[in-house]
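These protein sequence lines are chains E and H, in that order. The first sequence begins at 1 in our numbering and counts up one residue at a time. The second sequence begins at 1 in our numbering and counts up one residue at a time.
Just so you know, the hints here were simulated from the structure itself, not pulled from any lab data. Hints may contain errors.
Okay, the calculated bits of chain H under chain E, using three or more residues with CB under 8 angstroms as the criterion [unchecked claim]:
{"id": "1", "segment": "97-111"}
{"id": "2", "segment": "152-158"}
{"id": "3", "segment": "174-186"}
{"id": "4", "segment": "199-209"}
{"id": "5", "segment": "266-275"}
Keep in mind the model is a prediction, meaning the values are calculated, not measured. Ideal Cβ placement from N, Cα and C applies to all residues, glycine included.
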Amino acid sequence: MLVGTSVAIASAGRVSPSLLVSTLASWSWVVLVQLAIAAVMTRPLPPRGHLSAARAFDLWFAAHVPWTAWLLVLGPVLRLVPDLDVEVIIVSMLAPMAWTAWITVAFSRVVLEQSPVVAALRAALHQAVLLFIILSYVAWSAGGWFRIIG
Amino acid sequence: MSQSRLWLFLFIAGVAVGALPAPSPRARPAQAGEYVVLSGDFHVHAFPGDGALTPARLVDLAAEEGLDVITITNHNQVLASHILPRDSDPIVLLGAEVTNPDFHLIAVGVTDGVNWRQPAAGAIADIHAQGGVAIAAHPERQFWGGWDEAAIGAVDGVEVAHPMLRESTQAAAEFDGFFARVLAGNPGVARIGSSDYHVTHAPGQCRTFLFARERTRDGVLDAIRAGRTVAQRADGTLVGDPALVALVRTHHRTIPRPVSLLPTISAALTWLGIAGLMMSSRT
């Protein structure tokens, strides 16, 4: 819903039912990717069995606050500053990335009761996979990897 | 009313306001002698690709912007073109932006992808073989290397109006330099104005006026091939043969878009609603 709303505001300056349905449907793959990542990142559950998979899922999605806030701000910002440099947008992504990494470490440490080293490795892997997915879509949609790696 | 219901109400109200019809500058295409003056944007990106909106929503937006024809031109793929609505108004032509490290080339009126791993002249030949026209896209200096004499002699149009020109005088000089070079080797080349719409601004912010014999796909392609075009920059400047520019000024009724607060109200209400819902779900 958030992605659909932000995309509609940035691109059309308003949100109509047809715009919302269309942007929701077209960007729903992002939610599917999030679910797939969540399925991996919420495992293994702590051995003592006091945490259900559903609760772990819920806590994991609480870690999406940084990207939620970023997306929430991006829609109106792009509407108000339509010529915003893409470099500025890329740099602005560093904040949610760092914040998410920090939350991911905390999630692994506190919720999944992993060691600090394992928690750090999981966060690094999560960021790497996320970055690869984003860059892959950008490369495909921009015409090829040469647009990114020069 | 609980807080989350209030946010939901704002969200729904914003979507409802967004459904109200937007004032449109659209007018019936004007007749100029044997030609009908059409307004087109031949460089628009869609989802799936690096455009934000689906082809169907782009058609709605193009109609609101008073365009008669658009081309969906994603980079090196025609997937979005194949999910666009048939028999739409504005006319939608299938297309692609052939994206090579040394040149970007708009293919208008093609049904299949064009191999981008070849010289520009080869890509233009492929586009012509499919019955389409080829337009040099945003010809900044970094893309001049891909244009040899064969490509310059074969290209049908050059973008001389593009949002990039609003941002940089350097880009304007480079566009002018490239166009002068093409004009010397290909005097009939069409001047094209394109929005290169991805997410922000709107389709048609730069556009092409076409003197077409008929308001059809073939009529549009024929006008580009014959160079019967005038490009319009984002500031409204018209670029083209002075006689055609005069005809556009005389015949094309550019109706200023009425100011409406409805889109802003829709965006503000919806944004407040979704922001409130997100925050209340986390507390």
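Checked hints:
no. : hint    : in the structure
1   : 97-111  : holds (count 3)
2   : 152-158 : violated (count 0)
3   : 174-186 : violated (count 0)
4   : 199-209 : holds (count 3)
5   : 266-275 : holds (count 6)
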